[in-house]
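Novice: Here is how the chains run, residue by residue.
There are 2 protein chains.
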Amino acid sequence: MTQTRTRLERGRSALGPALALVHTGRAPTRAVLTAELGVTRATAGAVAAELEALGLIQVDSRPLGAAGAQGRPSHRLSIAPHGPVALAAQVHADGFRAALVGLGGQTVATAPGCMTVPADPAHVIDAVVEAGARLLRETGRRCVGAGLAVPSAVAEPEGTALNPLHIAWSAGAPVRELFSRSLAAAGIRGDDGEPVTGFAGNDVNLAALAEHRHGAGGGAQHLLCVATGHRGVGGALVLDGRLHTGSAGLALEVGHLTVNPEGPPCHCGSRGCLDIEADPLAFLAAAGREPGPEVSLLQQARDLLREEYATAASVRAATEQLIDRLGLGLAGLVNILNPDRIILGGLHRELLEADPERLRAVVAERSLWGRSGGVPILPCTLDHNSLVGAAELAWQPVLDDPLAALGVG
Amino acid sequence: MTQTRTRLERGRSALGPALALVHTGRAPTRAVLTAELGVTRATAGAVAAELEALGLIQVDSRPLGAAGAQGRPSHRLSIAPHGPVALAAQVHADGFRAALVGLGGQTVATAPGCMTVPADPAHVIDAVVEAGARLLRETGRRCVGAGLAVPSAVAEPEGTALNPLHIAWSAGAPVRELFSRSLAAAGIRGDDGEPVTGFAGNDVNLAALAEHRHGAGGGAQHLLCVATGHRGVGGALVLDGRLHTGSAGLALEVGHLTVNPEGPPCHCGSRGCLDIEADPLAFLAAAGREPGPEVSLLQQARDLLREEYATAASVRAATEQLIDRLGLGLAGLVNILNPDRIILGGLHRELLEADPERLRAVVAERSLWGRSGGVPILPCTLDHNSLVGAAELAWQPVLDDPLAALGVG
DNA sequence: TCACTTTGTGCCGACTCCAAACAAAACACG
DNA sequence: CGTGTTTTGTTTGGAGTCGGCACAAAGTGA
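Protein chains in written order, with the numbering used here: chain X, 945 to 1353; chain C, 945 to 1353.
Bear in mind the hints are in silico, worked out from the structure with no lab data behind them.
Note that the Cβ used here is the ideal one computed from N, Cα and C, for glycine as well.
Among the hints, a few may not be true.
[What the hints assert, rightly or not] Derived list of chain X stretches under chain C, where covered just means 3 residues or more per stretch with a C-beta under 8 Å from a C-beta of chain C: (1) 993-999; (2) 1320-1333.
[To be verified] Among chain C residues calculated to face chain X with C-beta under 8 Å, some are: (3) Thr1054; (4) Ala1192; (5) His1200; (6) Thr1202; (7) Arg1304; (8) Ala1308.
All chains, full assembly: derive it from the sequences and hints.
Specialist: Below is the structure:
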């Protein structure tokens, strides 16, 4: 028997960690890369040169603006301008979107968002992949992989959408398989000529991942993200740079935390769940408004909050009520997860911005032992963070082991 | 400037992973070690030889019972019989305990458990360290480190006891520092002549760690442990073999999950918290019994459950009520953490054994999307698992990098 | 006793990365 | 405008880990 092994696990050399540092903007120069990796200058130099040879990054020996510091200026590291991209796709309650996202979370090209309401998953996925394929043809970029964000928990390892409650799919739709098949059918191939791998994940999870790497979550070790899009509330946790999806992809289903024991019954059997107490529909109802059919619930709630918070007492009261409910839910999560940062998306972001002190006070009051109540709560900062997060899924193999993922060596 | 670095981080070579495999009983022979490590036989051989030279394991070329399988029998790997030990200490509501624990979670020696109620932390810790020091003198074993289990959340990185509610300590007691100082004063030193490092952790956390490595949690990737000792409910989560203590050591404070919206008010400000709905006192109260002062609450509840469950309707009703409350709490945790196994300790273990089906049914019913509700729920299996877990803390540096921890190379 | 299977061991080479010495590119100061 | 200082990049050598391979060893089964 030949004893061929993969040289332990450790994703060959420091190439992966180095690329991750450049990817997340934590290594602007080679000197910083050296320090962050904890290796010698010689090693960092070799690693940077290899990443440049792979077409992933660019090493500029001539910095533009003089740094002003003493000593020889360090070589500047940046994302290669015409390097490969990941195909990012998102399906949401109001339609779908596609984009090409390069390293560093840079959106290279975006397809005009389609606003048809999705019906059959296979149909929608084919359409969004087709939009992505068009972008690839137009830009002529190489593709390293593809990621899809869906408004549902995605079961691992099957890749099925378990609770696509807010789009018209049936539970258990095999979204990853549909996605992969669609990618192959569209002829989207990697450098090796094989169809690219397709990944799928929950939209809030992917938003959290994107914010951790390129947005408001940067540097957090234990990042909690809570967001509400159209209906219901989603959560996500990033631990040490990796998404915690639980053993079957079902973690952070935070919608059924009890935040109002006297509240209305929820379909889950309990009452006063976060899902029905702190989503856009709850906000409109608390403000005494009837939701209209013209634009999305999120948009209606957002407009109401922005335009009438300062003037209408009912809107202000509704805002405070939702903040209190959300705060209770966050406090419960803080007691269980003890994150060092919380970021909020969707309508929750607007609620935070409307009255940051109130929300922080509620969380601090209901968190145990004060200290953990002082966790920073910040708004999400990226546009289309789910889309960027979908691309992160596709980039992950490259970040783990660039040589293997790009089919070299 | 000299560029001395520590050869990246990766805890030099496969020594650590190999020791961890033997430690957790997953590598009974060198052939299995080879397969589990994913290295060649040559490498596994070298690694096993080095661990033997370090005095940690034993490699037997002559297996006792013939395996009956074909081919050359593999060398048997076992824990070195007279190898070093960790000093394990525990303080709980009824007193304290000390023991010496070797690799593999084997308790080598135990001090007779003292039953005085602890008052001043420094006093108690000095006493338990003295008991451990006596064991070390009597057995003549080398000591690799020391761990202390306390019935309180332990804040990281300070090592202070944040909520020692059920022993008479004041909040914020610097237990790790007291422990380390006591160890130094007792003259407990490692091979290098320096005083051994002292670690401290929450007792339920440490119990979970011990069960994961040597008990009912073996092989679980995402292990949730919930237990009640005397008052209140504790939780712990082991992710990929590592304790998840959150960013400040405050994770899994599960006692204030709402499990009975109409329940009595809790000191935390909410009502119907798990802490006051599913601990031994709640059980006694639900059964209509007055707690007596003679033995611990846990013991009283345990005795009542064991002796009268079959005969007294009130005890059966109380059991069912607590199971339902506990089940609700577990279901909430399952939705947030999505573990692949749950283990229960203390009175919760007895509740599980009284009516396993009822508990599993409640959890499954209240867990979302069925699948995650099917998570196995098992009783803890180790005696004194907090004590063994405390030893795990002390062993961890050795498991991470045997050479560095033992001061070789 | 002779295949056959599985495991242990020795040797070589590939690969990664540290260490040290030297070269290069900026600034500060005279 | 040179010279020293500081910081960084580069080259070379070597240590250490581990895969690949060939062969030896220790069992089973005929």
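Novice: For a quick check of understanding: which of the numbered hints are violated here, in increasing order?
Specialist: 1, 2, 3, 7, 8
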